[in-house]
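*Asks:* Based on the sequences and whatever the hints tell you, model everything.
Residues per chain, in single letters:
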Amino acid sequence: MIRKNNSNIARSFVAHFTLIILSFMCLFFFYILIVNSTCSHAELQKGFSALPKSNALVNFRNVANDGTFPMLKGIVNSIIVSSLCAAICTYFSALTAFGLYVYDFKLKKVAFTFIMVILVMPTQVTALGFLRLIRNMGFYDTLIPLILPSIASPAVFYFMYSYLKSNLQLSLVEAARIDGCGEIKIFNQIVFPIMKPAIAVQAIFTFVGSWNNYFVPALVLESKDKATVPILIATLRGADYMNFDMGKIYMMITVAIVPIIIAYLFLSKFIIAGVALGGVKE
Amino acid sequence: MKKTKSISRAKWGYICILPFFVTYFIFSFLPLVDTIRYSFYEYYRSGIRTIGPNFVGFDNYISVMGPDFFTYLKNTFILWIIGFVPQIVIALLLASWFVDARLKIRGEQFFKVVIYLPNLIMASAFAMLFFTLFSTSGPVNSILANLGLVDGPIDFMGTPTGTRLLVALMNFLMWFGNTTIMLMAAIMGISQDVFEAASIDGCTPRQTFFHITLPLIRPILTYTLITSLIGGLQMFDVPQILTNGQGNPNRTSYTLIMWLNNLLRAPDYGRAGALSVYLFVVSGILCIMVYRMVNRDDEKKIRRRFNRN
Numbered sequence: 001m002i003r004k005n006n007s008n009i010a011r012s013f014v015a016h017f018t019l020i021i022l023s024f025m026c027l028f029f030f031y032i033l034i035v036n037s038t039c040s041h042a043e044l045q046k047g048f049s050a051l052p053k054s055n056a057l058v059n060f061r062n063v064a065n066d067g068t069f070p071m072l073k074g075i076v077n078s079i080i081v082s083s084l085c086a087a088i089c090t091y092f093s094a095l096t097a098f099g100l101y102v103y104d105f106k107l108k109k110v111a112f113t114f115i116m117v118i119l120v121m122p123t124q125v126t127a128l129g130f131l132r133l134i135r136n137m138g139f140y141d142t143l144i145p146l147i148l149p150s151i152a153s154p155a156v157f158y159f160m161y162s163y164l165k166s167n168l169q170l171s172l173v174e175a176a177r178i179d180g181c182g183e184i185k186i187f188n189q190i191v192f193p194i195m196k197p198a199i200a201v202q203a204i205f206t207f208v209g210s211w212n213n214y215f216v217p218a219l220v221l222e223s224k225d226k227a228t229v230p231i232l233i234a235t236l237r238g239a240d241y242m243n244f245d246m247g248k249i250y251m252m253i254t255v256a257i258v259p260i261i262i263a264y265l266f267l268s269k270f271i272i273a274g275v276a277l278g279g280v281k282e
Numbered sequence: 001m002k003k004t005k006s007i008s009r010a011k012w013g014y015i016c017i018l019p020f021f022v023t024y025f026i027f028s029f030l031p032l033v034d035t036i037r038y039s040f041y042e043y044y045r046s047g048i049r050t051i052g053p054n055f056v057g058f059d060n061y062i063s064v065m066g067p068d069f070f071t072y073l074k075n076t077f078i079l080w081i082i083g084f085v086p087q088i089v090i091a092l093l094l095a096s097w098f099v100d101a102r103l104k105i106r107g108e109q110f111f112k113v114v115i116y117l118p119n120l121i122m123a124s125a126f127a128m129l130f131f132t133l134f135s136t137s138g139p140v141n142s143i144l145a146n147l148g149l150v151d152g153p154i155d156f157m158g159t160p161t162g163t164r165l166l167v168a169l170m171n172f173l174m175w176f177g178n179t180t181i182m183l184m185a186a187i188m189g190i191s192q193d194v195f196e197a198a199s200i201d202g203c204t205p206r207q208t209f210f211h212i213t214l215p216l217i218r219p220i221l222t223y224t225l226i227t228s229l230i231g232g233l234q235m236f237d238v239p240q241i242l243t244n245g246q247g248n249p250n251r252t253s254y255t256l257i258m259w260l261n262n263l264l265r266a267p268d269y270g271r272a273g274a275l276s277v278y279l280f281v282v283s284g285i286l287c288i289m290v291y292r293m294v295n296r297d298d299e300k301k302i303r304r305r306f307n308r309n
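Chains Z and H are the protein sequences, given in the same order.
For the first sequence, the UniProt record's numbering assigns the number 1 to the initial residue and increments by one for each residue that follows.
For the second sequence, the UniProt record's numbering assigns the number 1 to the initial residue and increments by one for each residue that follows.
Be a bit skeptical, because a hint or two may be false.
According to the in silico footprint, chain Z covers these stretches of chain H (three or more CB under 8 angstroms from chain Z) [claimed, not checked]: (1) 58-68; (2) 115-126; (3) 158-168; (4) 227-233; (5) 280-286.
Taking lysine-lysine pairs in the DSSO-like style, the calculated list, with each CA pair at most 27 angstroms apart, reads [claimed, not checked]: (6) K185/Z / K165/Z; (7) K165/Z / K104/H; (8) K269/Z / K104/H; (9) K109/Z / K73/Z; (10) K11/H / K108/Z; (11) K185/Z / K11/H; (12) K46/Z / K106/Z.
DEER-style ranges, computed between Cβ atoms [claimed, not checked]: (13) I190/H / D225/Z: 35 to 45 angstroms; (14) S83/Z / F209/H: 41 to 51 angstroms; (15) T18/Z / L149/H: 48 to 58 angstroms; (16) L51/Z / R37/H: 55 to 65 angstroms; (17) F55/H / F24/Z: 35 to 45 angstroms; (18) L144/H / L51/Z: 15 to 25 angstroms; (19) G138/Z / L214/H: 28 to 38 angstroms; (20) I190/H / T18/Z: 37 to 47 angstroms.
Keep in mind that the hints were calculated from the coordinates and are not lab data.
Even glycine gets a Cβ: it sits at the ideal position worked out from N, Cα and C.
*Replies:* Following this line, the structure appears as structure tokens:
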């Protein structure tokens, strides 16, 4: 028995040690980033220092006033795209899930099977046709092609559908009907509130996914004032960065990353529970 | 009476799913048809002259399937596998540790929050960060020099192995937390009785892991493998930004989607189309595998529910 306890203590030690190393790896790079974003170019030239310096505000002002990389405008664009994506994606996915779960109709099985087959289909394979379509529709270099297609998000639909299946009693819908509630009202006022937890989780994931998306914006956006954050980061990488103020570069990356980290710290419990739900597929 | 009612409700079913299918039709299905159509045409720009569209049959398919294709396919696969193997191994270890009550892991919530964090980071910004950190005059080299570990700066991105390892490290950091949490949920889904029985029968932790946990979570492991493979096939942001779209050194970190991106920009629609169709076929096969697995699970659940009743 004592030997068994000892082995557990040893294993526990190894587990904690590994976890600490991995956590260090996860945080280390962001720590350097944040420290470096507070340094001036001259301070960075001297080599790495472990403690933050006092140049953060100057760097931030430089980033905000830079016309070549309109970072703040980029953040505004990214927020517009990501929030609208999150809103319409979750609303219409919930609506689709509701339609397929509550009603009986001829094509129900076909429609469901179809969505399940395209569940993990990469968007890149249709990029050529998508690009041409966007040009023909006159949406090239606008934010619309980044937002509208998110109405059809199979993975979000599947999450909503599973959630409805375990949380919505059909008798509730029936009762509402008897009380004279219209079908649209049933969805908007009864089912939608029930789905709030699922919608919140998926809204976060859709927001982040859209915020981080690079492939599609890189294809359909051209002018600088339409650029989203990932596009600006890519432009930065393509520029002759060695002549730049490195403090400013670190600040630009910070500005792109840190808002999401801050939001994550507030919502982390929620987000991790959402990830775990995706894992309960047995 | 009842029948008319159900017909009138069927209408609502169609109305609810209409936006999804209309959007999918316009923004995914039509583009797919258009992509396939252009894969049979010669249509590219050479200087300021546009050539085509002329119908050329399967020429694009033959020309795309050259040595470049296999090189980029190999690169994509290598970049994926050297990130995926440590990811799944570490995730399995962490997940089994987290659920093992005997280990008394402290700060479980803290560790989960930290290891999931990189998953939310913008891949392009993360790659740009790694590019600056690991450049010859960057902080990592400066730290290594201060510690006296290296004589001169290491050119991490100057060798194929270095670049590939950096890409793999980023992919690993971005995904191992996500996989850990998913596997943990799967392990916690296993009935506690099984573990208790094993423990009474004198199973060591190692035996429990290999003979009970692993076989029972195999479906989700396969699911993780295939979805990760699909993700790997789409690998773009990280190598694109890290190498500025060049796949340097000597195109050893150039992926299939980076190539597609380049063909779309050239533009060389014919060859981009053919490449897309190849990718479509491969992802289609993977999609059907995912579909089968998700569906089989549903059937199993239904069967279990029947048994319970």
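*Asks:* Next, verify each hint and record whether it holds.
*Replies:* Results for each hint:
1. 58-68: violated (count 0)
2. 115-126: The restraint on the region 115-126 of chain H holds, since 11 of its residues have a Cβ under 8 angstroms from chain Z and three suffice.
3. 158-168: Not satisfied, violated; 0 residues make the cut.
4. 227-233: The restraint on the region 227-233 of chain H holds, since 3 of its residues have a Cβ under 8 angstroms from chain Z and three suffice.
5. 280-286: Held - the region 280-286 of chain H has 4 residues with a Cβ nearer than 8 angstroms to chain Z, which meets the minimum of three.
6. K185/Z / K165/Z: holds, 20 angstroms
7. K165/Z / K104/H: Status violated; Cα separation ~35 angstroms.
8. K269/Z / K104/H: Holds - the C-alpha atoms of K104/H and K269/Z are around 20 angstroms apart, at most 27 angstroms.
9. K109/Z / K73/Z: Violated, at roughly 45 angstroms.
10. K11/H / K108/Z: holds, 12 angstroms
11. K185/Z / K11/H: Answer holds: K185/Z to K11/H is near 15 angstroms, not above 27 angstroms.
12. K46/Z / K106/Z: violated, 71 angstroms
13. I190/H / D225/Z: 35 to 45 angstroms: violated, 53 angstroms
14. S83/Z / F209/H: 41 to 51 angstroms: holds, 44 angstroms
15. T18/Z / L149/H: 48 to 58 angstroms: Roughly 22 angstroms apart at Cβ, these two residues miss the hinted range, so it is violated.
16. L51/Z / R37/H: 55 to 65 angstroms: holds, 60 angstroms
17. F55/H / F24/Z: 35 to 45 angstroms: Roughly 59 angstroms apart at Cβ, these two residues miss the hinted range, so it is violated.
18. L144/H / L51/Z: 15 to 25 angstroms: Because 19 angstroms falls inside the window, the suggested range holds.
19. G138/Z / L214/H: 28 to 38 angstroms: Since G138/Z and L214/H have Cβ atoms about 54 angstroms apart, the given range 28 to 38 angstroms is violated.
20. I190/H / T18/Z: 37 to 47 angstroms: Violated: the Cβ-Cβ distance is about 23 angstroms, outside 37 to 47 angstroms.
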